[in-house]
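Chains as they are written, first to last, in our numbering: chain A, 1 to 297; chain B, 1 to 297; chain C, 1 to 297; chain D, 1 to 297.
FYI, nobody ran anything at the bench for these hints, they're computed from the structure.
For each residue, glycine too, the CB sits at the ideal point set by N, CA and C.
There may be inaccurate statements among the hints.
Label-pair distances were calculated between CB atoms; the ranges are [as the list claims (entries may be wrong)]:
{"hint": "1", "chain 1": "B", "residue 1": "Gly221", "chain 2": "D", "residue 2": "Pro139", "range": "55 to 61 Å"}
{"hint": "2", "chain 1": "C", "residue 1": "Leu237", "chain 2": "A", "residue 2": "Asp125", "range": "45 to 51 Å"}
{"hint": "3", "chain 1": "A", "residue 1": "Lys2", "chain 2": "B", "residue 2": "Gly221", "range": "25 to 31 Å"}
{"hint": "4", "chain 1": "D", "residue 1": "Val40", "chain 2": "A", "residue 2": "Gly273", "range": "54 to 60 Å"}
{"hint": "5", "chain 1": "C", "residue 1": "Arg156", "chain 2": "D", "residue 2": "Glu48", "range": "56 to 62 Å"}
Derived pair list, reagent style DSS-like, types lysine-lysine, alpha-carbon separation capped at 27 Å [claimed, not checked]:
{"hint": "6", "chain 1": "A", "residue 1": "Lys227", "chain 2": "A", "residue 2": "Lys240"}
{"hint": "7", "chain 1": "C", "residue 1": "Lys217", "chain 2": "D", "residue 2": "Lys217"}
{"hint": "8", "chain 1": "D", "residue 1": "Lys217", "chain 2": "D", "residue 2": "Lys227"}
{"hint": "9", "chain 1": "D", "residue 1": "Lys240", "chain 2": "B", "residue 2": "Lys68"}
{"hint": "10", "chain 1": "C", "residue 1": "Lys227", "chain 2": "C", "residue 2": "Lys240"}
{"hint": "11", "chain 1": "A", "residue 1": "Lys103", "chain 2": "C", "residue 2": "Lys163"}
{"hint": "12", "chain 1": "B", "residue 1": "Lys240", "chain 2": "D", "residue 2": "Lys68"}
{"hint": "13", "chain 1": "C", "residue 1": "Lys217", "chain 2": "D", "residue 2": "Lys21"}
{"hint": "14", "chain 1": "A", "residue 1": "Lys68", "chain 2": "C", "residue 2": "Lys240"}
4 protein chains.
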Amino acid sequence: MKIGFIGLGQMGSGMASNLVKARHEVTVFNRSADKAKPLVEQGARLAETVGQACAGADAVFTMLADDKAVEAVAFGDAGIIAHLPSAAIHISASTISVALSEKLLAAHQHAGQHFVSAPVFGRPDAAAAAKLFVVAAGPEAALADCQPLFDAIGQRTFILGDKAPAANLVKLSGNFLIASVIESLGEAMALVAKGGVDLTAYLDLLTSTLFAAPVYKTYGGLIAGGKFSPAGFAAPLGQKDIRLALAAAEDLQVPMPVASLLRDRFLTLLANGGANLDWSALGKLAAQDSGQPGPIV
Amino acid sequence: MKIGFIGLGQMGSGMASNLVKARHEVTVFNRSADKAKPLVEQGARLAETVGQACAGADAVFTMLADDKAVEAVAFGDAGIIAHLPSAAIHISASTISVALSEKLLAAHQHAGQHFVSAPVFGRPDAAAAAKLFVVAAGPEAALADCQPLFDAIGQRTFILGDKAPAANLVKLSGNFLIASVIESLGEAMALVAKGGVDLTAYLDLLTSTLFAAPVYKTYGGLIAGGKFSPAGFAAPLGQKDIRLALAAAEDLQVPMPVASLLRDRFLTLLANGGANLDWSALGKLAAQDSGQPGPIV
Amino acid sequence: MKIGFIGLGQMGSGMASNLVKARHEVTVFNRSADKAKPLVEQGARLAETVGQACAGADAVFTMLADDKAVEAVAFGDAGIIAHLPSAAIHISASTISVALSEKLLAAHQHAGQHFVSAPVFGRPDAAAAAKLFVVAAGPEAALADCQPLFDAIGQRTFILGDKAPAANLVKLSGNFLIASVIESLGEAMALVAKGGVDLTAYLDLLTSTLFAAPVYKTYGGLIAGGKFSPAGFAAPLGQKDIRLALAAAEDLQVPMPVASLLRDRFLTLLANGGANLDWSALGKLAAQDSGQPGPIV
Amino acid sequence: MKIGFIGLGQMGSGMASNLVKARHEVTVFNRSADKAKPLVEQGARLAETVGQACAGADAVFTMLADDKAVEAVAFGDAGIIAHLPSAAIHISASTISVALSEKLLAAHQHAGQHFVSAPVFGRPDAAAAAKLFVVAAGPEAALADCQPLFDAIGQRTFILGDKAPAANLVKLSGNFLIASVIESLGEAMALVAKGGVDLTAYLDLLTSTLFAAPVYKTYGGLIAGGKFSPAGFAAPLGQKDIRLALAAAEDLQVPMPVASLLRDRFLTLLANGGANLDWSALGKLAAQDSGQPGPIV
Chain A
1 MKIGFIGLGQ MGSGMASNLV KARHEVTVFN RSADKAKPLV EQGARLAETV
51 GQACAGADAV FTMLADDKAV EAVAFGDAGI IAHLPSAAIH ISASTISVAL
101 SEKLLAAHQH AGQHFVSAPV FGRPDAAAAA KLFVVAAGPE AALADCQPLF
151 DAIGQRTFIL GDKAPAANLV KLSGNFLIAS VIESLGEAMA LVAKGGVDLT
201 AYLDLLTSTL FAAPVYKTYG GLIAGGKFSP AGFAAPLGQK DIRLALAAAE
251 DLQVPMPVAS LLRDRFLTLL ANGGANLDWS ALGKLAAQDS GQPGPIV
Chain B
1 MKIGFIGLGQ MGSGMASNLV KARHEVTVFN RSADKAKPLV EQGARLAETV
51 GQACAGADAV FTMLADDKAV EAVAFGDAGI IAHLPSAAIH ISASTISVAL
101 SEKLLAAHQH AGQHFVSAPV FGRPDAAAAA KLFVVAAGPE AALADCQPLF
151 DAIGQRTFIL GDKAPAANLV KLSGNFLIAS VIESLGEAMA LVAKGGVDLT
201 AYLDLLTSTL FAAPVYKTYG GLIAGGKFSP AGFAAPLGQK DIRLALAAAE
251 DLQVPMPVAS LLRDRFLTLL ANGGANLDWS ALGKLAAQDS GQPGPIV
Chain C
1 MKIGFIGLGQ MGSGMASNLV KARHEVTVFN RSADKAKPLV EQGARLAETV
51 GQACAGADAV FTMLADDKAV EAVAFGDAGI IAHLPSAAIH ISASTISVAL
101 SEKLLAAHQH AGQHFVSAPV FGRPDAAAAA KLFVVAAGPE AALADCQPLF
151 DAIGQRTFIL GDKAPAANLV KLSGNFLIAS VIESLGEAMA LVAKGGVDLT
201 AYLDLLTSTL FAAPVYKTYG GLIAGGKFSP AGFAAPLGQK DIRLALAAAE
251 DLQVPMPVAS LLRDRFLTLL ANGGANLDWS ALGKLAAQDS GQPGPIV
Chain D
1 MKIGFIGLGQ MGSGMASNLV KARHEVTVFN RSADKAKPLV EQGARLAETV
51 GQACAGADAV FTMLADDKAV EAVAFGDAGI IAHLPSAAIH ISASTISVAL
101 SEKLLAAHQH AGQHFVSAPV FGRPDAAAAA KLFVVAAGPE AALADCQPLF
151 DAIGQRTFIL GDKAPAANLV KLSGNFLIAS VIESLGEAMA LVAKGGVDLT
201 AYLDLLTSTL FAAPVYKTYG GLIAGGKFSP AGFAAPLGQK DIRLALAAAE
251 DLQVPMPVAS LLRDRFLTLL ANGGANLDWS ALGKLAAQDS GQPGPIV
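Sequences and hints are given; from them, build the entire structure.
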């Protein structure tokens with residue numbers, strides 16, 4: 001297929017690379033063009049504008065940091081909606097607000113284009129290895145057209161119905177669940193560590209039994225190791241996602257006390273020099289509050 | 001080995017039965033003797049007093065509901081400490097406070113006996129199937145003597161050092177982590193359900209990916225199904241464990257905001273008719289707060 | 001002075017009326033014109049557009065429900081900024097976001113007008129009685145010009161410097177403090193009531209001693225009486241103000257756990273039929289969670 | 001009247017002194033006898049044992065730091081219950097648990113003595129100036145007998161019925177309310193201070209308007225001033241009171257989320273070197289979490 005790909009950060013680079021490997025015709029666009037170099041060497045074409053990335057495309061991916069970045073490339077005279085061919089598909093893989101997803105859905109429908117939400121679970125290494133989990137929602141036919149693309153970037157696709165914003169809600173809820181694991185693991189580890197228990201043995205116990213899941217292994221190890229830099233997923237992005245989850249929860253009138261706690265924890269982390277750390281640094285705040293030594297950075 | 005077993009509730013019955021099957025000489029005691037019947041039919045002897053369960057034993061298990069029940073059988077003229085032979089082992093498998101564990105350790109040392117903490121993870125079906133996870137701490141030699149017993153009741157033993165109370169702290173922290181999964185899953189499910197997402201598809205996604213752990217499968221299913229009765233692990237026991245985790249955290253000066261939230265959630269559940277429900281009913285409170293229909297009971 | 005007054009709700013009507021009584025030339029505007037009738041009978045002129053309310057004015061007040069309403073009358077071709085004379089003052093008395101206040105400040109400066117923030121503390125009865133507390137910030141000269149107006153509507157003015165948005169931040173923090181009194185009083189009253197203490201005696205004790213403040217008297221009485229309708233200050237407005245306080249806190253990176261709790265409480269209230277109640281109904285949620293009888297409505 | 005007085009800390013010394021001034025015959029007892037000296041110089045007799053303080057007394061006050069201290073002087077062969085004359089009154093002014101109050105009530109009834117709970121509100125300066133507020137509950141006749149004593153130590157007495165433990169519950173709820181003011185003021189002040197507002201002007205505004213209560217003046221000033229040492233009421237005592245409030249709430253099944261938050265805040269304070277500070281230091285944690293400079297000590 002003829003694919004545009006907008007956003008070549010840590011995640012997007014790996015995804016676009018896998019689309020090239022799967023022999024799709026990929027045209028890439030990034031605000032700072034130097035990030036496109038390795039992809040061009042692999043065989044991708046370089047677009048100098050968003051419009052060029054959209055011209056003649058069957059589908060255009062966006063994989064950007066936040067609502068603002070997606071709005072900037074989607075709307076306006078130079079944006080995706082203005083340049084994507086009729087009946088082509090915008091595949092939004094970024095973790096964005098439910099509200100923006102609804103706005104994009106309406107705008108694309110109005111322009112005679114399709115809109116599919118397909119946020120992903122996985123960190124940069126999973127993106128590079130085509131091991132992402134794709135959470136997709138949108139019109140059935142468009143999803144069927146996208147399936148080969150999802151297969152190129154991920155290990156499995158989960159379809160969540162025909163309303164694109166549902167996939168964004170699920171993605172946000174998933175990041176909320178990960179952050180809640182980080183927080184509760186951080187509290188449990190602060191408790192047993194202050195009680196004299198060895199954290200390696202403790203994590204082995206947890207992750208060999210009821211908590212034998214990737215999320216406990218990954219984040220338990222990061223918290224115990226205290227190595228939060230360089231960030232796989234930076235704290236400000238985690239804070240943003242909790243903000244978006246809370247915003248969706250507010251619109252739906254769903255109180256979420258753990259999410260509210262996470263919000264405050266992220267602000268504490270950011271206000272105390274954590275802006276460049278991995279979001280798992282959140283898991284050290286309980287130890288810090290309990291007076292245990294070891295600065296976060 | 002010659003084993004006493006005190007406490008034949010849902011968990012204890014299965015554990016004692018597996019000790020009998022492993023051809024240990026088991027003498028059982030329960031406050032209400034009728035629960036001992038099936039075990040006697042299997043080949044266990046019936047003790048009419050705690051003292052009889054201890055007489056001549058190499059080790060005596062206690063598997064009781066709470067601190068009060070353990071204190072009642074451990075201390076006093078008719079208790080374990082008064083009747084267990086010198087050099088024999090008290091294996092405390094109950095989920096009790098760290099403070100009581102410390103008190104038992106001191107009392108047994110004073111009486112020339114050994115004290116091993118060996119709380120377990122697993123619900124009644126796992127106890128019946130000898131699939132428990134045993135979390136053990138105590139003197140090295142005593143732990144070695146107990147290993148055949150642990151093998152008879154569980155699928156794996158985790159050794160947490162030579163200080164028995166450490167195992168109790170870890171067990172409490174584990175139950176805290178389970179309860180925090182129930183709460184955060186409950187919040188996430190309340191959010192996506194109110195947003196129109198199908199919960200079965202949602203749980204499939206979670207438990208096929210980052211949250212592929214028994215705890216998410218078990219409790220996600222219970223919350224989505226809304227079937228909280230009969231209780232596998234009753235809400236008052238969950239509330240007790242969070243109380244004990246918070247008490248240990250207070251003694252160690254470790255603030256645990258998620259545990260504090262769980263404390264309030266359990267009180268809400270109990271104050272609103274939840275005393276006979278499974279503790280997973282906690283996971284319905286978020287839906288209830290968000291005005292979604294479906295009473296808990 | 002020649003005054004425009006935009007927004008004749010429960011609060012605005014009283015304020016405008018007091019400006020008329022103080023012999024200012026007042027031109028009033030309200031989206032639904034029937035609310036202007038009593039004021040016209042008192043001597044105010046009726047504007048049919050925002051522009052008419054601004055034409056030739058020395059100052060124009062806005063007293064509206066939320067950011068959206070203020071934005072609608074401030075910006076655009078038909079708005080205040082387009083119609084207010086150069087060097088005239090926009091006095092924003094609404095409880096709006098700090099972000100909108102900053103935006104208004106910039107827009108008025110650009111248009112050669114002055115912008116003063118002057119949110120008020122007090123319920124409708126205080127507005128009618130000219131007993132409001134005015135919290136004002138803005139350029140010194142403009143504040144001096146406004147003082148006779150503040151004197152006409154309030155019992156005292158507090159000046160918070162020359163940056164208008166500071167007054168909005170303080171107003172939001174004040175509403176946060178009131179809501180935190182409602183919540184903590186609600187918890188304390190749920191506790192002692194369930195313990196058999198008479199609430200009237202309890203409130204007398206509190207408000208005769210350390211808590212001898214209007215806020216405890218007013219809200220303690222409302223919670224104990226359980227009469228939340230008609231609303232003096234409706235729950236959705238309270239929820240909005242906590243949202244704006246949290247938004248300001250997020251921008252400033254200040255974690256506020258009590259505010260986060262209030263956010264969830266308001267959502268619970270709104271999701272369970274509380275949209276038409278006074279915000280003091282929040283104070284009944286603790287009793288409800290504790291299983292005490294008496295529905296909120 | 002003939003009065004025994006047990007416990008001559010910062011509060012008890014002032015109270016005993018005022019009883020002496022009111023011409024009661026006061027016999028004082030304190031664990032470390034040197035604290036009794038000034039009172040003996042004023043005219044009090046010195047008891048060398050608890051029994052001597054009780055011998056022949058019409059009433060004996062206890063004003064001690066916690067449950068443990070009260071239990072130590074009340075029970076046992078050398079305790080108050082063993083030595084107080086029949087029909088005499090034990091006036092418990094300490095802030096103790098509801099559970100201990102119930103235990104004392106039963107023990108005194110069994111011994112043919114009266115038990116009155118009379119905890120007080122006020123800091124050491126109020127105790128010295130006979131300006132305490134007395135919160136009393138107990139048998140009507142006993143309360144009437146005690147009234148002259150309450151008049152000697154306080155400015156006003158509030159009667160809360162004939163069940164002594166009710167007064168303890170109310171006292172604990174009152175300290176909870178004070179602590180919740182400290183926390184919410186701390187959050188509000190962290191917010192506006194980071195937003196550039198002058199804290200002195202801010203507190204003037206609050207305490208001149210809706211929050212014109214002693215508790216806001218006292219604690220607002222302490223937090224803004226950052227002077228937490230020497231402690232008028234030490235942080236560990238505040239932590240104890242929140243623990244007792246939560247224990248009473250647990251027995252009554254009343255979830256109290258603000259109290260739970262305060263519990264965690266106190267543990268953070270204590271775990272980070274706050275054991276010798278005034279409990280108002282809690283109000284600095286929000287500023288600290290928000291990265292604002294200025295260490296607590």
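A quick look at each hint next to the structure:
The hinted range of 55 to 61 Å is satisfied by Gly221/B and Pro139/D, whose Cβ atoms lie roughly 56 Å apart. The supplied range of 45 to 51 Å is met by Leu237/C and Asp125/A, whose beta-carbon atoms lie about 48 Å from each other. Between Lys2/A and Gly221/B the beta carbon distance is about 43 Å. The supplied range of 25 to 31 Å is therefore violated. Separated by about 57 Å at the C-beta atoms, Val40/D and Gly273/A satisfy the suggested range of 54 to 60 Å.
Range check, Arg156/C to Glu48/D: Cβ separation about 59 Å, and the 56 to 62 Å hint holds. At roughly 22 Å between alpha-carbon atoms, Lys227/A and Lys240/A fall within 27 Å of each other, so this suggested pair holds. The straight-line distance between the Cα atoms of Lys217/C and Lys217/D is roughly 17 Å, inside the 27 Å bound, and the hint therefore holds. Straight-line distance between C-alpha atoms of Lys217/D and Lys227/D comes to about 14 Å, which keeps the hinted pair within the 27 Å bound.
The straight-line distance between the Cα atoms of Lys240/D and Lys68/B is roughly 23 Å, inside the 27 Å bound, and the hint therefore holds. This hinted pair checks out: Lys227/C and Lys240/C have alpha carbons roughly 22 Å apart, not beyond 27 Å. With a C-alpha separation of about 35 Å, the suggested pair Lys103/A and Lys163/C falls outside the 27 Å cut-off, and the hint is violated. Between Lys240/B and Lys68/D, the direct Cα distance comes to roughly 23 Å. Compliance with the 27 Å bound is thereby established for this hinted pair.
Restraint check for Lys217/C and Lys21/D: not satisfied, since their Cα atoms lie roughly 35 Å apart, outside the 27 Å limit. Simply put, Lys68/A and Lys240/C have alpha-carbon atoms about 23 Å apart, close enough for the 27 Å limit, and the pair holds.
Consistency note: the structure conflicts with the earlier hints numbered 3, 11, 13.
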